[in-house]
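Asker: Sequence:
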Amino acid sequence: MSTSKKIKSALISVFYKENLEGIVKKLDELGITIYSTGGTKEFIEKQNIPVSTVESLTSYPSILGGRVKTLHPKVFGGILSRRDNNSDIAQLAEYDIPEIDLVIVDLYPFEETVASGASEADIIEKIDIGGISLIRAAAKNFKDVLVVSSRKQYGDLLNLLEKNDGETSMEDRKIFAGEAFNISSHYDSAIFNFFDGDKGSALKVSLQSARTLRYGENPHQKGVYYGNFEEMFEQLHGREISYNNLLDIDAAVGLINDFEDTTFAILKHNNACGIASRDKLSQAWKDALAGDPVSAFGGILVCNKVIDADTAREMTKIFFEVSIAPGYDEEALEILKEKKNRIILILKEMKLQDLTFRTVLNGAIVQDRDLKIETAGDLTVVTELKPSENNIADLLFANKLVKHTKSNAIILVKNRQLLASGVGQTSRVDALNQAIEKAKNFNFDLEGSVMASDAFFPFPDCVEIADLSGVTAVIQPGGSIRDKDSINYCNQHKMSMVTTGFRHFKH
Numbered sequence: 000m001s002t003s004k005k006i007k008s009a010l011i012s013v014f015y016k017e018n019l020e021g022i023v024k025k026l027d028e029l030g031i032t033i034y035s036t037g038g039t040k041e042f043i044e045k046q047n048i049p050v051s052t053v054e055s056l057t058s059y060p061s062i063l064g065g066r067v068k069t070l071h072p073k074v075f076g077g078i079l080s081r082r083d084n085n086s087d088i089a090q091l092a093e094y095d096i097p098e099i100d101l102v103i104v105d106l107y108p109f110e111e112t113v114a115s116g117a118s119e120a121d122i123i124e125k126i127d128i129g130g131i132s133l134i135r136a137a138a139k140n141f142k143d144v145l146v147v148s149s150r151k152q153y154g155d156l157l158n159l160l161e162k163n164d165g166e167t168s169m170e171d172r173k174i175f176a177g178e179a180f181n182i183s184s185h186y187d188s189a190i191f192n193f194f195d196g197d198k199g200s201a202l203k204v205s206l207q208s209a210r211t212l213r214y215g216e217n218p219h220q221k222g223v224y225y226g227n228f229e230e231m232f233e234q235l236h237g238r239e240i241s242y243n244n245l246l247d248i249d250a251a252v253g254l255i256n257d258f259e260d261t262t263f264a265i266l267k268h269n270n271a272c273g274i275a276s277r278d279k280l281s282q283a284w285k286d287a288l289a290g291d292p293v294s295a296f297g298g299i300l301v302c303n304k305v306i307d308a309d310t311a312r313e314m315t316k317i318f319f320e321v322s323i324a325p326g327y328d329e330e331a332l333e334i335l336k337e338k339k340n341r342i343i344l345i346l347k348e349m350k351l352q353d354l355t356f357r358t359v360l361n362g363a364i365v366q367d368r369d370l371k372i373e374t375a376g377d378l379t380v381v382t383e384l385k386p387s388e389n390n391i392a393d394l395l396f397a398n399k400l401v402k403h404t405k406s407n408a409i410i411l412v413k414n415r416q417l418l419a420s421g422v423g424q425t426s427r428v429d430a431l432n433q434a435i436e437k438a439k440n441f442n443f444d445l446e447g448s449v450m451a452s453d454a455f456f457p458f459p460d461c462v463e464i465a466d467l468s469g470v471t472a473v474i475q476p477g478g479s480i481r482d483k484d485s486i487n488y489c490n491q492h493k494m495s496m497v498t499t500g501f502r503h504f505k506h
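Residues 0 to 506 in numbering that gives the first Met the number 0 are what the sequence shown spells out, letter by letter.
It cannot be assumed that every hint is accurate.
Said to hold, decoys possible - Straight-line C-alpha distance at most 25 Å; calculated DSS-like pairs for lysine-lysine:
id: 1; residue 1: Lys139; residue 2: Lys203
id: 2; residue 1: Lys350; residue 2: Lys198
id: 3; residue 1: Lys162; residue 2: Lys5
id: 4; residue 1: Lys316; residue 2: Lys336
Calculated directly from the structure, the hints in this document are not laboratory data.
Model the full assembly from the supplied sequences, consistent with the hints where possible.
Answerer: This is the structure in structure tokens:
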């Protein structure tokens, strides 16, 4: 038996009418009977296209203020009937139910209504009942029915109608059915998340866009990105973005979002290897690069100002994979485009998600994004010596950076420039020693620098090592039962220390 099906009748009930005109004209041209409801029916009639009301099919009016229009056996029987089942065919004849071969439905804008700040009553009214039922019914019976569940599919539908004169294949119908269940499950997840609020009784995450990546973290691993990258970025140039690029881009955006002054950062494997804030962007770039010009090779570059030609020329003196900025001067863009694979991105104004989650064991863990940015008002001076104004500026700079650095983490800063960092060490002392060694390798003078730690000091060894290297001020969360040991050492050696009360672990 042929799996090709000729469309003879269609049910159309949509909230959005844009781009529907071409569809209904083609259906009429093909001699397909159209059933419709309410505003959709009026729209079709304005095109001078014959249309039958659902009420004429069901012999029942729309009731309860439009809450019940299509929920009727004469509608769902025509959609769900199996064309190769003699019993189904007999019952259609017995109850005078026409077969419905095409269902075009979209759903009330529930998510948009929630996002608008509407009242709970208005939000509840945007929970679609008839539409979601029609979609599921038509998708379930894809062997015989084609379902179009989004206006994004209108172009595909029109191409199908024009190409095959109203005939659809099993493959066509199954593809559209899969997308229908994608849309319906996403819709239900949004409704559940609204009702669940902050309770967190179940994790429902629905990301409808998918991009297959060249591979995952390593070439032998498959990788897929779920999300709408174009909502956050405009890619102006370069090759396809990889799995590892996405991880680094995410880290870069999270970091640069915490800085208001003109700032340039270089990241490698999700950690900053150079960052500086300056009045002029080109100088911020030079000082960021000075932090670790070796690690900068093949890195991700990010800044919070439009890149000018002078800065672009300096940037191209090293090899890098990705540039991220809010914009580029015309000349700067031409300079950066000289390497064909170099990825150039414009970061749009887009709020990051409030929650972060990751898979662990046989499940997932979810947490609030760490959005805390300490200010001078959050600092508690715990030593006899108070930090100077310059110290405070450097301490806050360092504290922003340590928040975005893999634990255990130590950051050394002077004059709003990263001198060195100790990253991802199993001991805080090891992290500090790593940072000091790196600073020496790049000929930085640590005298007068400041130190930031992502967590408290359980012993005074770190402040002692820092002091002997030239560090004069320290910022840390505090909270150890032995805080006084580190504070006493600072007091004895003319160092200042502030605590924030906020730990910034990053694992």
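Asker: With reference to the structure, classify each hint as holding or not holding.
Answerer: Each hint tested on the structure:
| no. | hint | verdict |
| --- | --- | --- |
| 1 | Lys139 with Lys203 | 23 Å, holds |
| 2 | Lys350 with Lys198 | 23 Å, holds |
| 3 | Lys162 with Lys5 | 13 Å, holds |
| 4 | Lys316 with Lys336 | 13 Å, holds |
Checked against the numbered hints above, the structure breaks none of them.
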